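Enquirer: What follows is the residue order along each chain.
Number of protein chains: 6
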Amino acid sequence: MFFEAGNLKKLPRTGWLLRGVSNPESIADHSYRVALITLFLADSLKENGIEIDVERALKIAILHDLAEARITDVPLTAQYYLDKGKAEKKAAMEMFIKAGSLAKEYFRLWREYEEGLSLEGRLVKFADKLEMLIQALEYEQTGFKNLDEFWSALEKLRESEFYEYFKELVEGLARLHKQKL
Amino acid sequence: MFFEAGNLKKLPRTGWLLRGVSNPESIADHSYRVALITLFLADSLKENGIEIDVERALKIAILHDLAEARITDVPLTAQYYLDKGKAEKKAAMEMFIKAGSLAKEYFRLWREYEEGLSLEGRLVKFADKLEMLIQALEYEQTGFKNLDEFWSALEKLRESEFYEYFKELVEGLARLHKQKL
Amino acid sequence: MFFEAGNLKKLPRTGWLLRGVSNPESIADHSYRVALITLFLADSLKENGIEIDVERALKIAILHDLAEARITDVPLTAQYYLDKGKAEKKAAMEMFIKAGSLAKEYFRLWREYEEGLSLEGRLVKFADKLEMLIQALEYEQTGFKNLDEFWSALEKLRESEFYEYFKELVEGLARLHKQKL
Amino acid sequence: MFFEAGNLKKLPRTGWLLRGVSNPESIADHSYRVALITLFLADSLKENGIEIDVERALKIAILHDLAEARITDVPLTAQYYLDKGKAEKKAAMEMFIKAGSLAKEYFRLWREYEEGLSLEGRLVKFADKLEMLIQALEYEQTGFKNLDEFWSALEKLRESEFYEYFKELVEGLARLHKQKL
Amino acid sequence: MFFEAGNLKKLPRTGWLLRGVSNPESIADHSYRVALITLFLADSLKENGIEIDVERALKIAILHDLAEARITDVPLTAQYYLDKGKAEKKAAMEMFIKAGSLAKEYFRLWREYEEGLSLEGRLVKFADKLEMLIQALEYEQTGFKNLDEFWSALEKLRESEFYEYFKELVEGLARLHKQKL
Amino acid sequence: MFFEAGNLKKLPRTGWLLRGVSNPESIADHSYRVALITLFLADSLKENGIEIDVERALKIAILHDLAEARITDVPLTAQYYLDKGKAEKKAAMEMFIKAGSLAKEYFRLWREYEEGLSLEGRLVKFADKLEMLIQALEYEQTGFKNLDEFWSALEKLRESEFYEYFKELVEGLARLHKQKL
Chain A
1 MFFEAGNLKK LPRTGWLLRG VSNPESIADH SYRVALITLF LADSLKENGI EIDVERALKI
61 AILHDLAEAR ITDVPLTAQY YLDKGKAEKK AAMEMFIKAG SLAKEYFRLW REYEEGLSLE
121 GRLVKFADKL EMLIQALEYE QTGFKNLDEF WSALEKLRES EFYEYFKELV EGLARLHKQK
181 L
Chain B
1 MFFEAGNLKK LPRTGWLLRG VSNPESIADH SYRVALITLF LADSLKENGI EIDVERALKI
61 AILHDLAEAR ITDVPLTAQY YLDKGKAEKK AAMEMFIKAG SLAKEYFRLW REYEEGLSLE
121 GRLVKFADKL EMLIQALEYE QTGFKNLDEF WSALEKLRES EFYEYFKELV EGLARLHKQK
181 L
Chain C
1 MFFEAGNLKK LPRTGWLLRG VSNPESIADH SYRVALITLF LADSLKENGI EIDVERALKI
61 AILHDLAEAR ITDVPLTAQY YLDKGKAEKK AAMEMFIKAG SLAKEYFRLW REYEEGLSLE
121 GRLVKFADKL EMLIQALEYE QTGFKNLDEF WSALEKLRES EFYEYFKELV EGLARLHKQK
181 L
Chain D
1 MFFEAGNLKK LPRTGWLLRG VSNPESIADH SYRVALITLF LADSLKENGI EIDVERALKI
61 AILHDLAEAR ITDVPLTAQY YLDKGKAEKK AAMEMFIKAG SLAKEYFRLW REYEEGLSLE
121 GRLVKFADKL EMLIQALEYE QTGFKNLDEF WSALEKLRES EFYEYFKELV EGLARLHKQK
181 L
Chain E
1 MFFEAGNLKK LPRTGWLLRG VSNPESIADH SYRVALITLF LADSLKENGI EIDVERALKI
61 AILHDLAEAR ITDVPLTAQY YLDKGKAEKK AAMEMFIKAG SLAKEYFRLW REYEEGLSLE
121 GRLVKFADKL EMLIQALEYE QTGFKNLDEF WSALEKLRES EFYEYFKELV EGLARLHKQK
181 L
Chain F
1 MFFEAGNLKK LPRTGWLLRG VSNPESIADH SYRVALITLF LADSLKENGI EIDVERALKI
61 AILHDLAEAR ITDVPLTAQY YLDKGKAEKK AAMEMFIKAG SLAKEYFRLW REYEEGLSLE
121 GRLVKFADKL EMLIQALEYE QTGFKNLDEF WSALEKLRES EFYEYFKELV EGLARLHKQK
181 L
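Residue numbers (full-length UniProt numbering), protein chains in the order written: chain A, 1 to 181; chain B, 1 to 181; chain C, 1 to 181; chain D, 1 to 181; chain E, 1 to 181; chain F, 1 to 181.
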């Protein structure tokens with residue numbers, strides 16, 4: 001499984017690629033920062049008295065994109081034509097089986113993310129979107145244009161159950177983005 | 001449609017990428033040489049007295065990977081989990097609709113390739129495999145390893161109805177590949 | 001010849017490179033879309049009652065930049081000092097000789113493009129310029145600047161015999177470019 | 001801190017770069033797989049009855065290279081001339097301060113890795129070396145040479161307290177490396 | 001030493017990298033233009049009656065960044081935490097020792113640059129800053145943003161003893177930069 | 001002229017590119033090491049009692065490829081079809097004119113290299129070939145193949161008037177190359 005995870009270093013995030021970022025971050029690059037963000041958010045929530053399992057959240061963050069090692073980062077334009085969720089689910093299951101007795105737990109964690117089954121799974125989804133917007137902002141600050149589409153994710157962050165805790169963070173991003181326009 | 005075709009320049013051929021070729025050819029790079037090879041093969045067949053519609057073959061070569069502008073080059077590891085053929089068919093149909101009155105013809109040509117419905121469609125499939133092996137050989141000559149898997153396509157070329165006409169070409173490739181091992 | 005055509009995948013289009021696009025399209029990338037555009041334009045003209053040999057046009061599109069596999073994409077700054085046309089002509093001739101009995105036809109087609117000897121050759125020249133402008137626009141939309149020079153090609157498109165048929169296409173590009181300024 | 005962590009996506013791992021891998025993994029790419037490996041190793045140890053704090057281990061894995069966002073991946077050739085450890089320590093401290101009330105804990109975790117103060121810190125060091133060798137092997141399988149130096153890390157893995165649990169994994173790598181020579 | 005200098009071709013200038021220029025110039029790229037600029041400036045000064053040793057200036061320009069072959073281009077963010085000057089001094093000394101009887105002279109030249117001990121050393125420092133600003137301007141003209149920080153070097157050029165001779169050059173750059181803002 | 005020299009950073013050395021090195025050194029990268037090598041060789045010759053003008057040699061090294069900023073690195077395959085020497089001569093002349101009163105001297109220096117008119121010019125030619133072979137060896141050590149052609153330059157080095165002084169250097173390279181085969 002460690003070898004397969006190497007694919008995540010080689011595979012570009014296709015959303016940026018298709019908008020002309022010629023040498024974009026890898027899936028592993030993205031996953032790394034999602035894990036880092038999850039760490040901070042989970043610890044912050046805990047400090048604020050929310051009952052959250054930080055270990056669980058970190059595991060989900062690390063595993064949530066692993067199936068893309070087989071499926072690749074199928075972009076939105078393609079998801080209209082094929083069932084990415086179903087494909088990743090099957091791939092995740094088969095990859096986790098290699099983890100032996102841990103397989104069941106890992107697949108359960110993966111589903112918590114994919115299907116929003118737990119607080120921790122939903123937090124990683126929040127972190128995943130946040131990470132994407134931070135990256136979008138960085139590309140914009142570098143001079144890249146044509147990335148407006150991505151900012152529709154802002155609305156999803158604002159509707160999230162975690163928004164009240166990280167409002168400043170989210171709106172700070174929104175402000176920096178506006179300054180660039 | 002011209003704009004969408006621009007995606008084919010940006011999207012890498014994932015087969016090479018996943019085997020460590022860090023800056024591989026684009027889908028458009030590949031499609032270009034498929035068209036060039038098709039041109040030579042079709043003209044050669046005609047010279048040999050085979051009845052073949054060269055125009056038809058060239059059109060198929062140019063259109064055969066166009067749906068990947070939306071679907072991307074989904075690698076073999078993923079095709080086990082999702083129905084690439086079905087997705088590309090639907091995407092091709094929707095892309096060709098933009099071509100107005102020509103839509104029907106183009107989609108028909110696309111299917112001739114995908115489903116092997118015509119001599120010309122099958123010839124482009126032959127050229128498609130040939131192109132991949134030429135590229136594999138070039139990467140091997142550059143020093144890349146780990147590309148053996150691709151050479152299973154040799155068998156498909158040998159079983160093809162066109163093999164007898166281009167035997168020398170196919171076996172020449174096979175010989176050069178062997179020298180590298 | 002198929003091996004030599006591989007050079008077109010490796011060689012960057014120097015016009016973009018010299019203006020700071022650090023990882024620009026290859027010559028093959030460009031040639032592919034020229035062929036695609038030619039296909040659409042030729043079929044459209046035919047639908048409009050123009051007598052045009054689509055097969056001929058496609059062959060020209062596929063062959064028109066082949067000599068650059070030996071000469072490379074010598075940029076404008078250099079063409080002032082050396083005779084690119086003459087060099088490509090000689091290189092084309094020697095490359096086509098490898099195509100045996102087809103050599104004569106292919107070289108004839110190549111000259112139809114280079115010297116504008118036929119309707120089909122001139123159409124590919126039109127498609128060649130159109131392709132370059134579409135690419136320029138895409139780079140501009142990505143955030144690249146400094147590409148104004150390329151837009152002088154607009155005038156050549158407007159003076160072309162094909163302008164009346166594809167006026168909407170050409171002016172649509174011009175409009176999108178203006179919005180970026 | 002999330003913005004600074006973005007540097008880890010942009011910065012190459014200089015060890016590979018200096019040996020001619022022209023487009024190597026980023027620091028974030030590496031950190032991601034270290035976290036993934038840590039997850040598996042820690043869970044495995046726990047299954048084997050070892051008392052280990054998985055959450056702690058994951059946090060360390062995610063934080064262990066963060067200081068490189070300011071210091072960059074200073075290669076071995078440079079470490080002879082400057083005190084990388086001291087620089088990273090100071091940078092880590094200043095970066096973590098931004099994390100407010102969590103700063104103290106994060107810096108403590110960072111030191112557990114750097115100074116081997118805890119079982120979890122040492123496990124991440126083990127995972128860090130393992131990750132590097134997996135990557136070395138992948139580059140070798142791709143065709144890169146000149147990476148023998150890295151394999152001296154093998155000895156460190158063999159001397160580690162964790163070797164007995166992951167002997168098969170380590171020796172499997174060693175075997176695959178030998179086959180390449 | 002020639003082999004070690006090869007590192008300068010592989011190592012990116014980290015200042016650009018950290019601001020999002022994904023494929024920036026190498027250290028050798030930079031050093032080359034510093035040498036070229038030094039050549040022109042030194043010859044110009046001489047024509048203006050200034051007593052300057054052109055050979056000495058050129059040698060300094062060629063040698064001034066050589067220690068980075070071992071230390072890499074440690075960015076400003078890191079220099080706060082480690083003593084780059086001291087590290088480069090030691091590395092330079094050890095590299096020059098390989099040059100045998102020339103070692104002493106070369107190390108002396110290196111110090112003239114680093115410590116501003118001679119007119120020639122200070123001229124190369126002037127050329128070094130000039131080169132960086134020319135490159136910053138070129139990236140800005142390409143579309144990159146976020147490079148304002150670098151322009152603080154303008155003040156240093158204006159305070160330099162060489163400013164009166166190359167005022168036009170410096171202010172010309174400043175003007176072109178302003179037009180971009 | 002400083003701006004035009006920036007092209008040398010952007011333009012790849014096409015010889016490597018055409019043999020599959022996907023991200024090769026730039027012309028400026030090469031020129032930098034030629035200047036460094038020239039510095040050492042010239043100083044060594046002087047130490048050995050040869051009368052040589054080191055300043056002159058360095059100037060030639062820095063200027064010798066400058067015309068490629070307009071002409072690009074036209075590869076051998078193209079030089080059969082076009083007169084590279086003539087083109088570079090004219091371009092060099094026009095570029096140097098911008099250097100005002102220094103133009104004449106610089107053009108003279110350029111010709112000393114191109115036409116081998118002086119000891120210093122011939123030394124830079126020797127350094128130019130040496131640099132290429134060092135680079136070829138480095139690429140071979142990295143794993144790249146297919147570079148044998150370049151080693152025919154070895155014979156030219158052996159026939160050179162400077163061979164007796166740098167025999168050890170040249171034969172050392174030859175030996176390392178043989179070990180790779």
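Don't take every hint at face value.
Here are the computed distance ranges between Cβ atoms for each label pair [to be verified]:
1. B/L76 to A/K104: 24 to 32 Å
2. C/I97 to E/I97: 33 to 41 Å
3. C/Y80 to B/K178: 25 to 33 Å
4. F/E105 to E/G85: 35 to 43 Å
5. C/K104 to A/A153: 56 to 64 Å
6. B/D83 to D/K180: 21 to 29 Å
7. E/G85 to C/F3: 46 to 54 Å
8. F/E47 to C/D83: 18 to 26 Å
9. D/F3 to A/L117: 42 to 50 Å
10. D/R108 to B/A153: 52 to 60 Å
11. C/Y80 to F/Y165: 52 to 60 Å
12. F/Q179 to B/D83: 49 to 57 Å
Chain F side only, calculated, beta carbon under 7 Å to chain E, not exhaustive [what the hints assert, rightly or not]:
13. F2
14. L17
15. R33
16. I37
17. D43
18. M93
19. K98
20. A103
21. M132
22. E138
23. E168
24. V170
25. E171
26. G172
27. L173
28. Q179
None of these hints come from the bench; they were simulated from the model. Being a predicted model, the structure only gives us computed values, none of them experimental. For every residue, glycine included, the Cβ atom is placed at its ideal position computed from N, Cα and C.
Enquirer: If a hint holds in the structure, say so; if it doesn't, say that too.
Expert: Against the structure, the hints come out as follows:
1. In this structure the supplied range 24 to 32 Å holds for B/L76 paired with A/K104, their Cβ-Cβ distance being about 28 Å.
2. In this structure the supplied range 33 to 41 Å is violated for C/I97 paired with E/I97, their Cβ-Cβ distance being about 58 Å.
3. Range check, C/Y80 to B/K178: Cβ separation about 48 Å, and the 25 to 33 Å hint is violated.
4. Hint check: F/E105 to E/G85, Cβ distance near 36 Å, so the stated range 35 to 43 Å holds.
5. Taking the beta carbon of each, C/K104 and A/A153 are about 59 Å apart, inside 56 to 64 Å as hinted.
6. The hinted range of 21 to 29 Å is not satisfied by B/D83 and D/K180, whose Cβ atoms lie roughly 37 Å apart.
7. About 52 Å separates the C-beta atoms of E/G85 and C/F3, a value consistent with the hinted range of 46 to 54 Å.
8. Checking the proposed 18 to 26 Å range against F/E47 and C/D83 shows it is violated: the Cβ atoms sit about 47 Å from each other.
9. Distance hint check for D/F3 and A/L117: the Cβ-Cβ separation is about 31 Å, which falls outside the suggested range of 42 to 50 Å.
10. The beta-carbon spacing between D/R108 and B/A153, approximately 56 Å, falls within the hinted interval of 52 to 60 Å.
11. A beta carbon spacing of about 41 Å between C/Y80 and F/Y165 contradicts the range 52 to 60 Å that was offered as a hint.
12. Under the hint 49 to 57 Å, the C-beta atoms of F/Q179 and B/D83, about 51 Å apart, fit the expected range.
13. This hint holds: F/F2 has a C-beta 6 Å from the nearest C-beta of chain E, less than the 7 Å allowed.
14. Residue-level restraint check for F/L17 is violated (minimum Cβ-Cβ distance to chain E is 15 Å; threshold 7 Å).
15. Taking 7 Å as the C-beta contact cut-off toward chain E, the hint placing F/R33 at the interface holds, the least distance being around 6 Å.
16. Satisfaction of the interface hint for F/I37 is found here, the shortest Cβ-Cβ separation to chain E being roughly 6 Å, below the 7 Å cut-off.
17. The interface hint given for F/D43 holds, since its Cβ lies 5 Å from the closest Cβ of chain E, which is under the 7 Å cut-off.
18. The closest approach between the C-beta of F/M93 and any C-beta of chain E is roughly 17 Å, which is over the 7 Å cut-off, so the hint fails.
19. At a threshold of 7 Å, the smallest CB-CB gap from F/K98 to chain E is about 10 Å, leaving the interface hint violated.
20. A hinted interface residue such as F/A103 counts as satisfied when its beta carbon comes closer than 7 Å to some beta carbon of chain E; here the least separation is about 11 Å, so the hint is violated.
21. Here the hint on F/M132 is broken, as its CB sits about 12 Å from the closest CB of chain E, past 7 Å.
22. Given hint, F/E138 at the interface with chain E, holds; its Cβ is 5 Å from that chain's nearest Cβ, closer than 7 Å.
23. Checking F/E168 against chain E: minimum C-beta separation of about 13 Å lies over 7 Å; hint violated.
24. For F/V170, the interface hint is violated, since its Cβ never comes within 7 Å of a Cβ in chain E; the closest pair sits about 12 Å apart.
25. About 15 Å separates the beta-carbon of F/E171 from the nearest beta-carbon of chain E, more than 7 Å, and the hint is not met.
26. Below 7 Å, beta-carbon pairs count as interface contacts, and F/G172 has none with chain E, the closest being about 10 Å; its hint is therefore violated.
27. A distance limit of 7 Å between C-beta atoms decides the matter here; for F/L173 the minimum to chain E is near 10 Å, and the interface restraint is violated.
28. Hint status for F/Q179: violated, given a least beta-carbon distance of 15 Å to chain E, over 7 Å.
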